[in-house]
Amino acid sequence: AQSVAQPEDQVNVAEGNPLTVKCTYSVSGNPYLFWYVQYPNRGLQFLLKYITGDNLVKGSYGFEAEFNKSQTSFHLKKPSALVSDSALYFCAVRVNTGGFKTIFGAGTRLFVKA
Amino acid sequence: NAGVTQTPKFQVLKTGQSMTLQCAQDMNHNSMYWYRQDPGMGLRLIYYSASEGTTDKGEVPNGYNVSRLNKREFSLRLESAAPSQTSVYFCASSAQGDEQYFGPGTRLTVT
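Listed in order, the protein sequences are those of chains A and B. Under our numbering, think of the first position of the first sequence as 109, with each following residue one higher. Under our numbering, think of the first position of the second sequence as 963, with each following residue one higher.
If you are wondering where the hints come from, they were derived from the structure by calculation, not from laboratory data. Please note: incorrect hints may appear among the correct ones.
[Unchecked claim] Subject to a maximum C-alpha distance of 16 Å in a straight line, what follows is the list of computed EDC-like cross-link-like pairs (lysine to aspartate or glutamate):
1) A/Lys177 with A/Asp117
2) A/Lys130 with A/Glu116
3) A/Lys130 with B/Asp1018
4) A/Lys177 with A/Glu116
5) A/Lys157 with B/Glu1061
6) A/Lys209 with B/Glu1061
7) A/Lys209 with B/Glu1021
8) A/Lys185 with A/Glu174
9) A/Lys185 with A/Glu123
10) A/Lys209 with A/Asp193
11) A/Lys209 with A/Glu174
12) A/Lys177 with A/Asp162
13) A/Lys166 with B/Glu1061
14) A/Lys185 with A/Glu172
15) A/Lys221 with A/Asp193
16) A/Lys209 with B/Glu1041
17) A/Lys157 with A/Glu172
18) A/Lys209 with A/Asp117
19) A/Lys157 with B/Asp1060
20) A/Lys130 with A/Asp117
21) B/Lys976 with B/Glu1041
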């Protein structure tokens, strides 16, 4: 079955420290992987994607993600967290069937403490 | 360029009532989606439309119907609302298989 897992419900980091939000996936064929962020009472916003090419993908607001095919992971990272990064983060994978359906993980709440 | 718009923003229904959630996008995207978001469950796909004139069921279609009215508009209808349909509903659109752009959401309460 095709799926996305975000093993941590919440991640806590201090401002200025590096952050990692974990994501693993299971999908047939080559994956299209995405990260989205959701601020309170807002819709999801696209952060970055991996389709092909360099395993390290850079996105909005200083975020980056590393694609690891052998570990089927796509972890979100940022070298130095900001309080304003506190939000709900979703990993997503496009399934390789007709219609471009996307499966979302359950989400990880990031809390950055000043 | 408004992106993806949804109406209404909030709605309270009594069990058994019906309503339609409206969604429109101005990005000329072919694909459109309806999701529901419930605490601890992420986003679950209700229905999607890969292109104008086509619709398909997602993960949780029961109790819902959709209409892809034209390329811009994709509506979601609850024929007989149930308390289990209390949720936040998001519409999204994308170019073929690419990143999705989300509307601001509709918070629905069914009593």
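These are the hints, each one checked on the structure:
Restraint check: the Cα-Cα separation between A/Lys177 and A/Asp117 comes to about 23 Å, which exceeds 16 Å; the hinted pair is violated. Straight-line distance between C-alpha atoms of A/Lys130 and A/Glu116 comes to about 7 Å, which keeps the hinted pair within the 16 Å bound. Taking the CA atoms of A/Lys130 and B/Asp1018, the gap is about 31 Å. The hint is violated against a cut of 16 Å. A hinted pair counts as satisfied when its Cα atoms are at most 16 Å apart, and A/Lys177 with A/Glu116 does not qualify at roughly 20 Å.
Of the supplied pair hints, the one linking A/Lys157 and B/Glu1061 holds, its CA atoms being roughly 8 Å apart against a limit of 16 Å. Only pairs whose Cα atoms come within 16 Å are accepted, and A/Lys209 paired with B/Glu1061 is accepted, the gap being roughly 11 Å. For the given pair, A/Lys209 sits about 10 Å from B/Glu1021 by alpha-carbon distance, which is consistent with the 16 Å threshold. A distance of roughly 8 Å separates the Cα atoms of A/Lys185 and A/Glu174; the hinted pair therefore holds under the 16 Å criterion.
Distance hint between A/Lys185 and A/Glu123 is fulfilled; the C-alpha atoms sit about 14 Å from each other, no more than 16 Å. With a C-alpha separation of about 28 Å, the suggested pair A/Lys209 and A/Asp193 falls outside the 16 Å cut-off, and the hint is violated. In summary, the hint linking A/Lys209 to A/Glu174 is not supported, as the alpha carbons are separated by about 22 Å, beyond the 16 Å threshold. Taking the CA atoms of A/Lys177 and A/Asp162, the gap is near 12 Å; set against the 16 Å cutoff, the hint holds.
As the CA atoms of A/Lys166 and B/Glu1061 are separated by approximately 15 Å, the hinted pair is consistent with the 16 Å bound. For the proposed pair A/Lys185 and A/Glu172, the alpha carbon gap of about 5 Å is at most 16 Å, so the pair holds. The suggested pairing of A/Lys221 with A/Asp193 holds, with an alpha-carbon distance near 10 Å, which does not exceed 16 Å. Distance hint between A/Lys209 and B/Glu1041 is unfulfilled; the C-alpha atoms sit about 24 Å from each other, more than 16 Å.
Of the supplied pair hints, the one linking A/Lys157 and A/Glu172 holds, its CA atoms being roughly 9 Å apart against a limit of 16 Å. With a C-alpha separation of about 24 Å, the suggested pair A/Lys209 and A/Asp117 falls outside the 16 Å cut-off, and the hint is violated. Under the criterion of a C-alpha separation no larger than 16 Å, the hint pairing A/Lys157 with B/Asp1060 is consistent with the structure, at around 9 Å. The straight-line distance between the Cα atoms of A/Lys130 and A/Asp117 is roughly 10 Å, inside the 16 Å bound, and the hint therefore holds.
Restraint check: the Cα-Cα separation between B/Lys976 and B/Glu1041 comes to about 12 Å, which is no more than 16 Å; the hinted pair holds.
When held up to the earlier numbered hints, the structure conflicts with 1, 3, 4, 10, 11, 16, 18 and fits the remainder.
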